[in-house]
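*Asks:* Here's the letter readout for the chains.
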Amino acid sequence: MMGTLQHSTAAGPPAPNPGATAPGRVEPKLKISRLNFFYGAFQALHHVELEIAANRITALIGPSGCGKSTFLRVLNRMHETVRGARVSGEVLLDNEDALAMDVSRLRRRVGMVFQKPNPFPKSIFDNVAYGLRVNGLKGSAHLKEAVEHSLRRAALWDEVKDKLHKSAYDLSGGQQQRLCIARGLAVDPEVLLLDEPSSALDPIATAKIEELVFHLKENCTIVIVTHNMQQAARIADDTGFFLLGKLIEFDKTETIFKNPAKKETEDYITGRFG
Amino acid sequence: MAETVALLEPQTEEDFRPAFLDRLRNGDEVAHLVTLIFAAAILVIAALLVTELFGSSAEARHKFGWHFFFTSKWDPVAGQFGALPFIYGTVVTSAVALLISVPLGVGAAIFLSELAPPRISDSLTFIIELLAAVPSVIYGVLAMFALVPLLRDPIQPFLNRTLGFLPIFQGPSYGVGFLAAGVILAIMVVPFVISISRESLLAVPNEQREAALAVGATRWESTWQVVVPYARLGIIGSVFLALARALGETMAVTMVIGNTPQIVKSLFATGYTIPAVIANEFTEATEDLHLSALVELGLVLFLLTIIINGFARLMVLATTRRGTTHP
Numbered sequence: 000m001m002g003t004l005q006h007s008t009a010a011g012p013p014a015p016n017p018g019a020t021a022p023g024r025v026e027p028k029l030k031i032s033r034l035n036f037f038y039g040a041f042q043a044l045h046h047v048e049l050e051i052a053a054n055r056i057t058a059l060i061g062p063s064g065c066g067k068s069t070f071l072r073v074l075n076r077m078h079e080t081v082r083g084a085r086v087s088g089e090v091l092l093d094n095e096d097a098l099a100m101d102v103s104r105l106r107r108r109v110g111m112v113f114q115k116p117n118p119f120p121k122s123i124f125d126n127v128a129y130g131l132r133v134n135g136l137k138g139s140a141h142l143k144e145a146v147e148h149s150l151r152r153a154a155l156w157d158e159v160k161d162k163l164h165k166s167a168y169d170l171s172g173g174q175q176q177r178l179c180i181a182r183g184l185a186v187d188p189e190v191l192l193l194d195e196p197s198s199a200l201d202p203i204a205t206a207k208i209e210e211l212v213f214h215l216k217e218n219c220t221i222v223i224v225t226h227n228m229q230q231a232a233r234i235a236d237d238t239g240f241f242l243l244g245k246l247i248e249f250d251k252t253e254t255i256f257k258n259p260a261k262k263e264t265e266d267y268i269t270g271r272f273g
Numbered sequence: 000m001a002e003t004v005a006l007l008e009p010q011t012e013e014d015f016r017p018a019f020l021d022r023l024r025n026g027d028e029v030a031h032l033v034t035l036i037f038a039a040a041i042l043v044i045a046a047l048l049v050t051e052l053f054g055s056s057a058e059a060r061h062k063f064g065w066h067f068f069f070t071s072k073w074d075p076v077a078g079q080f081g082a083l084p085f086i087y088g089t090v091v092t093s094a095v096a097l098l099i100s101v102p103l104g105v106g107a108a109i110f111l112s113e114l115a116p117p118r119i120s121d122s123l124t125f126i127i128e129l130l131a132a133v134p135s136v137i138y139g140v141l142a143m144f145a146l147v148p149l150l151r152d153p154i155q156p157f158l159n160r161t162l163g164f165l166p167i168f169q170g171p172s173y174g175v176g177f178l179a180a181g182v183i184l185a186i187m188v189v190p191f192v193i194s195i196s197r198e199s200l201l202a203v204p205n206e207q208r209e210a211a212l213a214v215g216a217t218r219w220e221s222t223w224q225v226v227v228p229y230a231r232l233g234i235i236g237s238v239f240l241a242l243a244r245a246l247g248e249t250m251a252v253t254m255v256i257g258n259t260p261q262i263v264k265s266l267f268a269t270g271y272t273i274p275a276v277i278a279n280e281f282t283e284a285t286e287d288l289h290l291s292a293l294v295e296l297g298l299v300l301f302l303l304t305i306i307i308n309g310f311a312r313l314m315v316l317a318t319t320r321r322g323t324t325h326p
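As given, the protein sequences belong to chains F and B, one line each in that order.
The first sequence begins at 0 in numbering that gives the first Met the number 0 and counts up one residue at a time.
The second sequence begins at 0 in numbering that gives the first Met the number 0 and counts up one residue at a time.
Rather than coming from a laboratory, the hints here were simulated on the basis of the structure.
One should not assume that every hint holds.
[As the list claims (entries may be wrong)] Between beta-carbon pairs, the in silico distance windows are:
| # | chain 1 | residue 1 | chain 2 | residue 2 | range |
| --- | --- | --- | --- | --- | --- |
| 1 | F | Gly-39 | B | Pro-102 | 32 to 40 Å |
| 2 | B | Leu-98 | F | Leu-243 | 54 to 62 Å |
| 3 | B | Glu-198 | F | Gly-172 | 23 to 31 Å |
| 4 | F | Ala-40 | B | Val-315 | 39 to 47 Å |
| 5 | F | Lys-165 | B | Gly-26 | 41 to 49 Å |
| 6 | F | Arg-271 | B | Arg-231 | 50 to 58 Å |
Bear in mind that the values here come from a model prediction, so they are computed numbers and not experimental data.
Note that beta-carbon positions come from the ideal geometry of N, C-alpha and C, so glycine has one too.
Modelling step: build the complete structure from the supplied sequences, incorporating the hints.
*Replies:* Written as structure tokens, this is what we have:
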């Protein structure tokens with residue numbers, strides 16, 4: 000076997016709401032088993048096993064090229080846009096096979112926010128409305144309501160409510176990123192994947208994004224890839240550490256940062272490499 | 000005062016030489032000067048072109064005035080010259096060419112940039128760019144021997160049977176005429192549309208596609224609703240380049256349009272274009288007035304292309320000003 004894989008499936012995170020089932024054990028939102036990933040002949044992920052709990056923030060950390068972003072992109076099958084990418088193993092979303100379901104439906108349920116803000120060259124309103132229109136929502140009253148709701152959830156409404164029909168490119172980088180989050184939220188996803196969402200932003204904009212993400216977990220399961228260990232420590236409930244395509248350790252954030260089980264994790268956390 | 004200057008003179012000359020060599024070596028000023036001359040040359044050529052066209056057409060301009068643009072009689076023997084049939088022929092053939100080539104070209108570009116596997120895309124693009132380099136007389140031969148017989152039978156009779164209620168598909172099928180010229184022009188300009196549209200589609204950042212896919216758009220929705228609008232300036236540019244090429248094309252059109260200066264609604268009828276009449280009659284024009292009228296036609300074509308390019312610029316500017324394009 001690969002030797003280093005480890006996962007904390009046994010304990011599971013505590014139930015976020017009192018209504019949820021038996022003590023100590025909650026059905027995971029996403030269950031990943033035996034996941035291998037290849038770019039052509041190169042194997043980017045080795046036998047990853049991981050359970051992501053609902054309504055929690057899960058951070059994935061690790062040095063560049065460790066496979067954490069690749070892993071994230073498998074979760075909504077964004078890897079399929081890359082030629083030569085191949086995946087084996089199992090990804091279950093609420094016990095449904097994510098690798099087999101209709102890809103548009105999967106991506107509607109599992110949204111994604113990217114590293115660089117990537118608004119469309121359209122108005123602020125149309126950016127948020129895009130996903131709704133693609134998914135068949137019609138009627139301007141409905142659209143308006145849904146757009147406002149998403150912008151409020153993304154903590155952007157107050158800043159843009161008077162210029163909804165201005166170009167999205169008139170916004171600052173941090174606002175653009177929150178707009179992209181609003182666009183992702185508009186289709187009301189169950190899971191939101193964030194791929195280093197604040198790496199292109201200044202500290203103030205980063206703080207805003209973190210605060211926003213922290214509040215989002217009430218209605219949404221968050222998986223965030225980050226280079227910034229302080230960020231993971233600040234906002235994540237659980238943290239996974241990737242190294243060379245393997246998931247080295249996955250546990251509660253506090254445990255990972257204060258009492259890691261693996262030497263590699265400790266070395267990375269304490270800054271000995273990476 | 001004068002003495003001091005005289006004394007200093009040899010020295011300054013000595014000083015100046017290395018400085019000049021330095022400047023030559025550093026290149027900045029020389030490069031500035033040389034490139035400025037090259038750039039200015041373009042303006043000079045354009046100015047010469049206008050002056051020459053304007054000057055040489057003086058006789059026709061004075062004789063016919065604005066009537067030149069609105070009369071359709073072209074009779075070198077009687078000394079009667081009107082540009083309207085040629086303007087009509089040029090515009091109609093170019094319009095037919097665009098109607099066919101733009102959907103075809105943009106569609107092919109979308110396939111090549113978004114849907115085809117890279118290897119197929121690259122080899123097809125190579126062939127398409129090769130097509131753009133084929134001399135127009137070759138296309139003319141192709142049109143004469145392959146396209147015209149096909150149009151005569153079965154295409155034109157078929158169009159007449161099915162869409163014959165439209166005036167543009169009425170009348171006898173000669174094969175040669177507006178339709179033949181328009182189709183061969185379409186074939187000639189479609190490589191430009193494909194090549195430039197494909198480039199601008201490929202230049203759309205991948206993040207745009209991903210953003211659309213991430214909210215559940217299908218690949219086609221992402222292409223049609225996000226990628227194509229993002230690349231629209233480049234696509235519009237390709238259309239105007241194609242139009243400019245179609246307006247000016249001479250050889251292939253002359254070979255299949257029938258060379259009759261007339262204004263007929265039917266696309267099956269024969270006609271004439273500005274470049275075609277200039278090429279055909281220039282060497283035979285013995286009368287000064289005839290020559291002058293031909294030059295004035297050239298001036299008309301020149302103005303037509305300037306107006307179209309200006310219009311293209313305005314369109315690009317208007318869409319950019321709206322603030323919805325990328326920075």
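*Asks:* Give a verdict on every hint.
*Replies:* Now the hints, each set against the structure:
| no. | hint | verdict |
| --- | --- | --- |
| 1 | F:Gly-39 - B:Pro-102: 32 to 40 Å | 37 Å, holds |
| 2 | B:Leu-98 - F:Leu-243: 54 to 62 Å | 57 Å, holds |
| 3 | B:Glu-198 - F:Gly-172: 23 to 31 Å | 28 Å, holds |
| 4 | F:Ala-40 - B:Val-315: 39 to 47 Å | 45 Å, holds |
| 5 | F:Lys-165 - B:Gly-26: 41 to 49 Å | 45 Å, holds |
| 6 | F:Arg-271 - B:Arg-231: 50 to 58 Å | 51 Å, holds |
This entry satisfies every hint, going by the numbered hints stated previously.
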